[in-house]
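As you go down the protein sequences, you meet chains L and X in turn.
So that you can map any letter, position 37 of the first sequence is 37 in our numbering, and since no number is skipped, the others follow by simple counting.
So that you can map any letter, position 137 of the second sequence is 137 in our numbering, and since no number is skipped, the others follow by simple counting.
No wet-lab data here; the hints were simulated from the structure.
Do not rely on the hints blindly, as some may be mistaken.
[Claimed, not checked] Beyond 10 Å from chain L on every Cβ pair, some chain X residues (computed): (1) 6; (2) 31; (3) 59; (4) 67; (5) 106; (6) 184.
[Claimed, not checked] Chain L stretches covered by chain X per the calculated footprint, using a threshold of three residues with CB under 8 Å from any CB of chain X: (7) 27-34; (8) 44-53; (9) 85-92.
Note that this is a predicted model, so its numbers are computed, not measured.
For each residue, glycine too, the CB sits at the ideal point set by N, CA and C.
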Amino acid sequence: MGLLVIVGLVALTSVGAYIVGTRVLALERVSLRPALGEALECLGLAVVFLVVNLAAGLTSIFGFRALTGRFVSVYWLNDLSLVVLSVLEALVFHRWWRPSK
Amino acid sequence: MHGLRILGAAAVFHFKIAAFTPLANVLNIRMAGTAQLEASDAIVVLGRGGADRDGVLTNRSLRRLLRGVSLYREGLAPVLVLSGTRGETRSRLELARGLGVPETAILTTHEGLTTKQEAAELSQLLLPLGRRRILLVADPIDMPRSRSLVERAGFVVHPAPTAASGPSGPESRLGLVREIAIELTALGYYRLTGAL
């Protein structure tokens with residue numbers, strides 16, 4: 001039931017945003033498809049940042065263990081904030097990179 | 001870039017599968033295996049996530065302890081063994097006492113920071129006492145690796161996973177999928193390094 005509420009809410013606000021976009025902001029319907037493509041591009045970039053962050057984190061932790069002999073848990077990387085920050089990195093990088101395309 | 005778009009679409013696809021289908025629950029149940037709640041020499045509660053500075057246990061650590069205490073109360077073993085980090089063990093010890101487990105029935109290991117270290121600590125503590133058959137309390141997804149490591153340390157293991165059906169909300173399922181991914185990575189790492 002909770003699942004239906006969440007999906008239903010998002011569907012409803014998406015339809016609302018489409019109506020506001022086309023009728024109030026006079027956005028072109030044809031530009032929605034490229035916008036979706038750009039959003040996917042940005043998400044893909046976020047995945048890349050996440051993988052790089054994880055790889056850098058693991059390398060640092062194993063390197064630290066090997067060099068100092070002290071224990072540092074890899075579970076430090078198990079944090080939702082790393083995903084959020086990777087998305088932020090991707091958003092900024094995408095906005096920076098986009099005008100140059 | 002086309003490649004990034006494909007990656008983004010794959011991320012959305014995986015997100016939908018992870019959050020809105022019971023895949024995580026199915027994996028959780030499969031990894032737990034079948035519980036073997038048989039009379040044993042000891043109930044071993046492995047550490048999970050430690051404790052906060054104020055001594056509050058993580059959700060999973062607390063669930064494991066409650067499972068262990070419950071098994072003790074059912075009379076499945078005369079001894080409850082608490083493992084994990086120092087802070088975690090201390091908090092669990094206090095809680096177990098508070099839940100009515102006599103102090104004489106509680107054993108604690110020295111600090112075990114990884115499951116491998118915990119298995120070594122357990123063998124040093126229990127095998128000299130002749131306590132070889134153990135009920136192993138761990139999360140369902142941790143059970144395959146934990147069981148293998150503890151068996152390699154010389155024990156006969158009866159798995160006693162905590163609740164195995166898993167969460168029903170999208171956010172909790174996403175969390176579980178993340179934990180499963182980490183656990184499978186750890187399993188692969190242990191196999192690669194010859195620990196399993």
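Hints, one by one, checked against the model:
1. 6: Incorrect as stated: the minimum Cβ-Cβ distance to chain L is 7 Å, not above 10 Å.
2. 31: holds (17 Å)
3. 59: holds (14 Å)
4. 67: Consistent with the label, residue 67 (chain X) stays out of reach of chain L, its closest Cβ about 21 Å off (over 10 Å).
5. 106: Holds, since 25 Å exceeds 10 Å.
6. 184: Correct as stated: the minimum Cβ-Cβ distance to chain L is 13 Å, above 10 Å.
7. 27-34: This one is violated; 0 residues, fewer than the three required, reach chain X with a Cβ under 8 Å.
8. 44-53: holds (count 5)
9. 85-92: n = 0 at 8 Å, threshold three: violated.
When held up to the earlier numbered hints, the structure conflicts with 1, 7 and 9 and fits the remainder.
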